[in-house]
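Engineer: Go by the hints and put chain B onto chain A.
As a plain string of letters, each chain reads:
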Amino acid sequence: MNVYLPIADMSINLFLVVGIGALVGFLSGLFGVGGGFLLTPLMMMIGIPPAVAAASDSNQIVAGASSGAFAHWRMGNVDFKMGLTILVGGIAGGTLGVQVVKILRAVGNFEFAMKLIYVFMLGLVGGAMLIESLSTLRKIRVEVSAAPPQFSEPRLSRLFRRLPLQMTFRKSRLKTSAIFPFAIGFAVGFLAAMLGVGGGFIMIPAMIYIIGMPTITAVGTDLFQIVLTSANVTFQQAMTNHTVDILLALCLLLGSTFGAQIGARASKLFRGEQIRVLLSVIVLAMMVKLLLDLVLTPDNLISFAKGVSGGH
Amino acid sequence: MKTKALAGKSRRLGAGAVLGLLLAGLILVKARAGTEVTPGPGPAAALEALAQPAAANDVVTDCSKDEIQVGINYRGDRIEFFGTLGDSGADAVIVKLTSPAETVKLNQKGRVGPVWMNVKQHTVESVPFIYQISASDRLDQILSPELEQKLGIGFEALKERMVVHTTKGEAEPADAEIVFQGLLQLKQKEGLYKIDEENRIKIKQGVLFRHCIVFPAASKEGDYLVETYLFRQGRLLQTVTDTIHVQKVGLEAKLVRWAQERPKLYGLCAVVIALGAGLLVGFIFKGGGH
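Chains as they are written, first to last, in this note's numbering: chain A, 165 to 476; chain B, 7 to 296.
No lab work stands behind these hints, which were simulated from the structure alone.
Each computed DSSO-like pair below joins lysine-lysine, with the alpha-carbon atoms no more than 30 Å apart: (1) K195(B) <-> K174(B); (2) K453(A) <-> K174(B); (3) K208(B) <-> K165(B); (4) K270(B) <-> K266(A); (5) K195(B) <-> K165(B); (6) K226(B) <-> K200(B); (7) K245(A) <-> K270(B); (8) K260(B) <-> K71(B); (9) K156(B) <-> K195(B); (10) K270(B) <-> K260(B); (11) K174(B) <-> K266(A); (12) K71(B) <-> K226(B); (13) K453(A) <-> K195(B); (14) K208(B) <-> K71(B); (15) K453(A) <-> K266(A); (16) K195(B) <-> K208(B); (17) K266(A) <-> K260(B); (18) K210(B) <-> K200(B); (19) K111(B) <-> K270(B); (20) K111(B) <-> K453(A); (21) K200(B) <-> K111(B); (22) K71(B) <-> K195(B); (23) K266(A) <-> K226(B); (24) K208(B) <-> K156(B); (25) K156(B) <-> K226(B); (26) K266(A) <-> K111(B); (27) K266(A) <-> K195(B); (28) K200(B) <-> K71(B); (29) K195(B) <-> K111(B); (30) K245(A) <-> K335(A).
Take a look, some chain B residues computed to stay more than 12 Å from chain A by CB distance: (31) D64; (32) E86; (33) G92; (34) D97; (35) Q155; (36) F161; (37) E166; (38) V169; (39) R206; (40) I209.
In this text, a Cβ means the ideal position worked out from N, Cα and C, and glycines have one as well.
Same shape as in the complex, but just chain B:
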């Protein structure tokens, strides 16, 4: 059933050989067309959508899986993301991976006598947990700074959206820049914020593009958005949104939940497990453990 639907679709898109090869690697099949930003339909509905004859000018995007499970051996993940431009005539693509804006609390160090300690505290609004951008060209070659601002593309646009409140210590005008640069450095170090200038998205035969989304080891549960922007000569043609769900599973998820929701039980278990493990180890080594 799956193979049949995929083969049919490939023929219609006219880049059968390339796309067929790509789609063969699919684990979960899901496609969404147009500018709709609704949560994804189930796999069955997605297959049905694939089987429908696509409108001639449809832009189709898809990814190798739409769910990431963070378990005990999680160390980051990769998702193959690809799409077709149909006959939209787009000459440039930007793919943005973000998560919903949140409010974070940051400390700022300052010199106190001979030592450095945290002297200020800031609350920053509109900080996405993750922010990654890949494009088919340099951003300033694709779109104007004004459009970058409007669409929220690029670190400058990200900075514009953030609001810094100083909650402890004296607020100074220079702080906003220090806070943003510091936050950027923290996020970039963890691989969470990235504007990928090295691996450009390649548009094959003018209709097909693919891109590998790299999720770093730092993770947070929630719905991540993959927004695909299509441009033609600096004008935005279309936006397509896909959702990737990140979820903590297994022992990992259970421990986090227990630690937060049943702290007494968790603490008691931690002590009992440690006592048990310690005594067990002691018996194995005949009391030579300490």
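With the rest of the complex left out, here is chain A:
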């Protein structure tokens, strides 16, 4: 059964799209991560133009994160003051990112830039996760078990207390400069526009190990900012680049919803470190695939500008 995606401008097997949504949903349920950083590259692999893949993933993330954000808000896990500080950065970063996407598309190198950033991000995150989880598996006691080892928390906290724009975040029970939350929000917003990711894999470690927020508040606040940052990116992409495919986003949502249910159940069968080794291997495999795309001689040097056939 095929479905014609109006914005991607291609006919695609419905089960393939829903299946990819389900696969990523399963992984996100299993690992407890958003999965946007896997979804965009997978979309590109089945032939969705990169810009449409990224923008539609942002749209899907709005849907995917909204119920979680709502649940955490009801449970009182959202630090709104921190969330809004990050969000100001996220809106600015996302809006700038969409404009950068537009410029890169015009000069024909959006796909290249996107893949390059992906290779760095996935390499960094996957590598850090692999090293950390392997050492945990080898029973070497690591103080901060979920953090890449290079983050040294107390030194950064002391630095932030000396920066201007000090604010009190009552929910997170801390007093710190607004500069870092704004900056990390800006960076993640920018990545959301470029890559079609939610950015939880950067934001949560940053909140816990750099800002020093309690874990549960970090998760709730992250979901809150993801919904609004991705909503802004979706809106900006639709306005500036016309690349949001609602139908594609809904197909992905359908798949990921069911996938996540199964994934969450499957996660109880494994130990945390085992799961993280598996996730890091998947992330690194994706990184290698994208790296090969960049360095191997392409079978066709010519491609349609803006990634849409027929010269729209």
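Structural biologist: Showing chain B alone in chain A's frame:
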């Protein structure tokens, strides 16, 4: 009314049994004779034309439908195309499906250090969205290269018509060939450009031919031309042109239009629908969705 007209026509053409069978499958009936290239008359006028006694030497072509609707479940389409040679004495047929020439923008990759990135941009003029050719024989058996050029038949003729302008990066003489071959590869992969060497058009009893035009899943709105060229011993006898209209319809068409014309509204809707769908799904699974 329709049946009567068709039966009458079949008798006149002298290949009644075969043609009657073919015509029975018609959804929309339309026929045009001679070399006129005017937009098709309405179904009523077409029926009238069919009812008129055809001149003895008329070449008649027709297709199973003259409109393709691209909707949400579109995955390509097929159109049965057929015609009679009358007593034109033609011994070869070429059917060409094209769309109006347009200008496309292409990127060209080049090696920069260890990686490949787009280093050049070209604008190519006279590129039809679709270009498909079927014939009753090998093209070089039917007509001379000169005639191919003149009529725009074959990839060589297509290449001759294209004009490449390099808009970014250094223009090199070799680029034209790289660009054409790359474009050809892109179009062939999507099934848009095709010279069908396997399924030849068969001329039955010297007067009737049929051909199945395959529209790939990649689509673009507009009027597509089906040009039928009749040859006799390498000479062009006659050209007949039919038009097929491709149109996006339904939700598909609406979404595309909204996305282009009301981007703010579209973006807002995308966000609201996603929020609504996400929350709904969350409630169904009691917040376990994420």
